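> Sequence:
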Amino acid sequence: MGAHASGKSSVAEAAVAAAHPATPLELMVECEGVKGAFSPSSVTVRCRCSACDGPAAEWDPAKWLAHCGLSEHRNWRRELRVFLHTGEMFKVTAKHAATQRDTQGTFVTANGGWRIVCGCAACGGAVAFSPSEWETHAGATARSWNRSIWVVPGGGVPEVPPGAAPLRMRHFFALFGLKAGRSPRRDSPPDLIPLDQ
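Sequence positions in the sequence shown follow this note's numbering and run 941 to 1137.
Warning: the hint list may mix true and false statements.
Capping the alpha-carbon separation at 27 Å, the derived lysine-lysine pairs in BS3-like fashion look like this [what the hints assert, rightly or not]: (1) K1119 x K1003; (2) K1031 x K1119; (3) K1003 x K975; (4) K1119 x K975.
Think of the hints as simulated: they come from the structure by calculation, not from any bench. None of these values were measured; they are calculated from a predicted model.
With these hints in hand, go ahead and build the complete structure from the sequences.
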């Protein structure tokens, strides 16, 4: 692909900063095993536990943490975990730091996890990695897969159509009001969490 030119990518990143075309009405979230629906527009959580029903189910995020058994003084943006929808997939690429060659892959979400199926000659589309593992496997050295991995134009993401500039993963998630949280382990996919309001 080789289209990681700074001019094109900066234009794409500026477009992300200026527009939020696909912010969902609700995001399915979880805290301490309790499920809920987070509304980015009202910054509330509609609890789905057996004790909540009707208007009583609407919570301020910090209060919902306490309802779930955590201190409400904790940062709710780091405690809410966003579910991924099974079956979503799109094309991604990462550039090798030494050779400047692109490695192609397919980003797949399934069973609440993230994997990238590698398309390099050695893997042949049969090996799946976490984003961090794939970043290393592809030879990228940014040490931040959010910056190293790019969404491929025309690769299955409507927000990055054919002819558009490649879009860094972190800017892609920002379109939806999300960012990647920390992974509990290097080989474990990170969770998506709501962006700071």
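> Taking the hints in turn, state whether each one holds.
Evaluated hints:
Distance hint between K1119 and K1003 is fulfilled; the C-alpha atoms sit about 22 Å from each other, no more than 27 Å. At roughly 19 Å between alpha-carbon atoms, K1031 and K1119 fall within 27 Å of each other, so this suggested pair holds. For a cut-off of 27 Å, the pair hint linking K1003 to K975 stands: about 14 Å separates their Cα positions. Of the pairs offered as hints, the one joining K1119 and K975 holds, with about 19 Å between alpha carbons and a cut-off of 27 Å not exceeded.
In summary, this structure violates none of the numbered hints.
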